[in-house]
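Chemist: Protein chains in written order, with the UniProt record's numbering: chain A, 1 to 427; chain B, 1 to 427.
Derived by calculation from the structure, the hints in this document are not laboratory data.
On a predicted model such as this, the values are computed, not experimentally measured, just so you know.
Pairs involving identical chains hold if they fit within one copy or between any two copies, as the list cannot separate such chains.
Straight-line Cα separation of at most 30 Å, DSS-like style, residue types lysine-lysine; simulated pairs:
no.	residue 1	residue 2
1	K150	K222
2	K375	K222
3	K108	K220
4	K93	K108
5	K150	K108
6	K120	K108
Number of protein chains: 2
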Amino acid sequence: MAPLRIGIAGLGHVGCGLIELVERQDRLRIPGQIEITGVSARSQSRNRPVDTSKYRWFDDAATLAEDPDVDVFVELIGGSDGPAKFAVEEALKAGKPVITANKALIAKHGMALAKLAEEKQVDLLFEAAVAGGIPVVRVLRDSLAGVEIKRVSGILNGTCNFLTTTMLETGRSYDDVLAEAQKLGYAEADPTLDVSGMDAAHKAAILSAIAFSADLDFSKVKVSGVDTIELEDLRLADRLGLRIKLIAEGVLTDDGVVCRVEPMALPVSHPLARIDGSLNTVRIEGDPVGAVTLTGPGAGAGPTASAVMGDVAKMFRPAIRPAFGRAEHHMARPFTEGRGDEVSAFFLSMRLADKPGALAALSESLAAEGVSVDKILQDSADESGASPVAIVTHRCARSNMQAALARLQKFAIPVDPPRLIRIEAAS
Amino acid sequence: MAPLRIGIAGLGHVGCGLIELVERQDRLRIPGQIEITGVSARSQSRNRPVDTSKYRWFDDAATLAEDPDVDVFVELIGGSDGPAKFAVEEALKAGKPVITANKALIAKHGMALAKLAEEKQVDLLFEAAVAGGIPVVRVLRDSLAGVEIKRVSGILNGTCNFLTTTMLETGRSYDDVLAEAQKLGYAEADPTLDVSGMDAAHKAAILSAIAFSADLDFSKVKVSGVDTIELEDLRLADRLGLRIKLIAEGVLTDDGVVCRVEPMALPVSHPLARIDGSLNTVRIEGDPVGAVTLTGPGAGAGPTASAVMGDVAKMFRPAIRPAFGRAEHHMARPFTEGRGDEVSAFFLSMRLADKPGALAALSESLAAEGVSVDKILQDSADESGASPVAIVTHRCARSNMQAALARLQKFAIPVDPPRLIRIEAAS
Chain A
1 MAPLRIGIAG LGHVGCGLIE LVERQDRLRI PGQIEITGVS ARSQSRNRPV
51 DTSKYRWFDD AATLAEDPDV DVFVELIGGS DGPAKFAVEE ALKAGKPVIT
101 ANKALIAKHG MALAKLAEEK QVDLLFEAAV AGGIPVVRVL RDSLAGVEIK
151 RVSGILNGTC NFLTTTMLET GRSYDDVLAE AQKLGYAEAD PTLDVSGMDA
201 AHKAAILSAI AFSADLDFSK VKVSGVDTIE LEDLRLADRL GLRIKLIAEG
251 VLTDDGVVCR VEPMALPVSH PLARIDGSLN TVRIEGDPVG AVTLTGPGAG
301 AGPTASAVMG DVAKMFRPAI RPAFGRAEHH MARPFTEGRG DEVSAFFLSM
351 RLADKPGALA ALSESLAAEG VSVDKILQDS ADESGASPVA IVTHRCARSN
401 MQAALARLQK FAIPVDPPRL IRIEAAS
Chain B
1 MAPLRIGIAG LGHVGCGLIE LVERQDRLRI PGQIEITGVS ARSQSRNRPV
51 DTSKYRWFDD AATLAEDPDV DVFVELIGGS DGPAKFAVEE ALKAGKPVIT
101 ANKALIAKHG MALAKLAEEK QVDLLFEAAV AGGIPVVRVL RDSLAGVEIK
151 RVSGILNGTC NFLTTTMLET GRSYDDVLAE AQKLGYAEAD PTLDVSGMDA
201 AHKAAILSAI AFSADLDFSK VKVSGVDTIE LEDLRLADRL GLRIKLIAEG
251 VLTDDGVVCR VEPMALPVSH PLARIDGSLN TVRIEGDPVG AVTLTGPGAG
301 AGPTASAVMG DVAKMFRPAI RPAFGRAEHH MARPFTEGRG DEVSAFFLSM
351 RLADKPGALA ALSESLAAEG VSVDKILQDS ADESGASPVA IVTHRCARSN
401 MQAALARLQK FAIPVDPPRL IRIEAAS
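Take the sequences, apply the hints, and build the full model.
Modeler: Here's what the structure looks like:
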C-alpha cells in the first residue's frame, strides 16, 4: 500500500503534536504508512517543539491544500473564516479529503462544507473539533447509528469547568480564579470565547447536527456563559445539594432541535456533577441504550493531536478492516500471566483471634518482610471472639506481602484465610 | 442501494431486541435499508416479545448462515463452542460477514476466526460482545488508533458491581443480595459465569487484544471473582476510604500483555469507585491522550441490540461516509430556538434587602404565579445589609418563574438582578 501523504496547515500546539505522532507512528496502530508532504503556518521562523525544517514549507495554506503531492489536507489553523475556510474549500474543490480540528468552522459552515465534500465524494472528518481526546464524533455518527438519540449534553469547555470547580473549592472570586487559569495556561489571554459559552456552543451544535441529522444553524443556538456566576451562587447551590456547571445540550423536541449552552444546577448525585477541573464529558441519551457517558481531556496538544491521528487512520481504506484492528499475523504481542510479583499498595482484611499479642504478631510479621503499614483499623471482637482487622500497606512487592502472611500463619492468629486485595493507584 | 439482508441466529432478549430495532429502522440513522432474510433459534414455538412468524424460519443456524439470501450473518446464540462457533465458521467460509455478541466465542476463538475472516476478506464485528451499549470496541480499534495504549481497565460485569454496591449500601450478605439480584433479573439462575469473574475476563481479553495488537490467549488470563468477598471486607475498606470492586484490566508490560480480573480496592476519589449498581465502565489510558472513560449499560436487550445495529450499519459501504453521518440533503430537521418556556425545577439566587417583609414579598410573588418552593436558604445579611437567599423550586414553567420575578421587582427587594438557573433532572 502506498503511503498516505498529508499536508498540515497550522503549526500551533496541535499541529506540532500531530507531527510528533506521525514521527512515532510505528508505535501506534495505524493501518498504513503516513508521510508528511508539507507544512504551512504564519511564521516559518517561530520556535517550535518539533523540527519542522525537514518538511516542505508552504507560506500559503491553500497552496499546500492543492499541492499534487498532498492526499489529505489537515487544517489546524483555526477561526471560522479567513485562511482556514479558504484552504479547506480549496482542498475539497480539488477533490481532497479534509481533516480539521476547527470547531468554529464546522459549527458555522459545516453544512456547506459537507455538501461540497459530498459533491466531490471525499471525506470531511472533524473528530478533534469536539471534546479533544474524547472520540465522541465517531461514536455518535457511527457506533450509535442504531440508537434513536433524544438528548446530547455535557461539559464541553474545560476552562469554564475549571473556573466553577476551583471557585467553589477555594472560595475565591471569579476574577481571581480566571487570572490563575490564565497563568496555568487553562485559559487564553483573551478568555471571551471560553467563558462566554461560545466555544462550548460550537461543539454542542456539531454534536446536535450529527445526533439528530439536523440542518446545523448556529444562529439558533442560545448561549450564555459562566461570566455571570458569582461565588455566592456556587456556595448557596452547594448547600442545597447542587453543583452549578456550564452545560451544553442538544435536545430533540417536536419543533426541532433545541441547542443551548447555559449554567445549570445539577444534583450532586448526577454523574456530570462530579466532573471536576478541566475534564470534558458528554452524555448521550437515547432509545434503546439509555445513557452512555464519555469523559476525558477536552483540550490539549496531545489529546487533540491523537484525535486528528484517529481521523488520519480512517483515511486508509482497506477492503476490510481486520477484526481486532490489525491483520491477524501482526497480532504478535504475547499474552502473559505476568511475574505475579507486582508492586502495589495492598488492602488486607482478616479476623484475628482475640488474644494477647495478636496485633503484635501481625505487626511483627509484616515488619519482618519489610511491609510498611499506612493505616490499620481493628474493631471489637464479635461473639465468636474474633476481631475484624483491616490494613492498608504502603507499596510493596506481593511476594513480601505473601511471605508476611505465611509468617503470621505460624502464630495461628488469623481465624480465616486473610483477604489480600490490590489497591488501585489514585488517578 | 440494494437492501442489506441479514440472518439472525438466536432469538433471546438480544435477538428479539434486534428485530424490534430493524422494524423501526426509519427512526435510526442507518445508511441504507435492512431486511431480515431469516431467523433461527432452538424453539420456534416459544413465546417472544416480537412476532417472528413473518420471517423465514431455519431450524439450523448453520443453514441460515449459508443461505444465498443472507448477506450478513448475525450470531446471537451464545456459548464459546457448539452451534454458535459452527455457524460463524460456516458463514465466514461461505464468504459472509459476521456480527456477533458472543464474548466467550471471541475470547476463546477470536484469533482463528479473525484469520478466517481475513482469508475470506469479510468483516467480523463484535461491538456487542463487550460492555453492551458502550461502543468501546470501535473506540479502541478505530478512534484511538492514534494512541499508544498502556492500560485498559474497568468494571465489565454489572452483576458483580451490583452485588458489591448493594452489599455495602444495605449491609446485607453476599448470599442475600445475590438472591435479590436473581429475582430482579440482574443475575442468572446459575450466576457462576458472572460472579467467578469469567464473563468480565472474556471482555477484558478481547479489549486487550485490540488495545495492544496482542495474540489473544485466554488461557493466560488470571481470573478471580467476587464470590470470596464478604460484607465485612467491604465495610472495613469503606472506613479506610476504599471501595472494593471487581476490576478487569489489560496492562502492557515488558513481558507482554498481562490481563486479569480480580477484586481491587479503589480510593473513593478514583473515577471508577463511583460507578455503582449495574453500570459498566471502561477506562483507556495511553499516550498522548491521558485517560478516556466510557460509562453506560453493560448489558440488557436494548443496549446490546443497539450495539449489534451499529455493527450492521457499518456493513453499508458507501464510497464516502457523509461528514455528519447522513447525506447533506437529508439533514432536514431544523434547529430551533425553542419556545423558551420549558418546564423545569429552578435554582434562584439573589441578595434581598434586609428589611421586614422581604421574605414575605418573595414568597408571595412566587405563590401568586403558582411557583412552589422545594427548599429555601437565607443567610445573615452582609455588611451592605443584603441577605443572600437561594431557592429551589418544584417544576414550573420558566414564564411563571419570570412573572414571579417581575412581581418581586415591584417591591424593590432584590439588591441585584436575581440569577435564575435551570436544575437538571436527577439521572
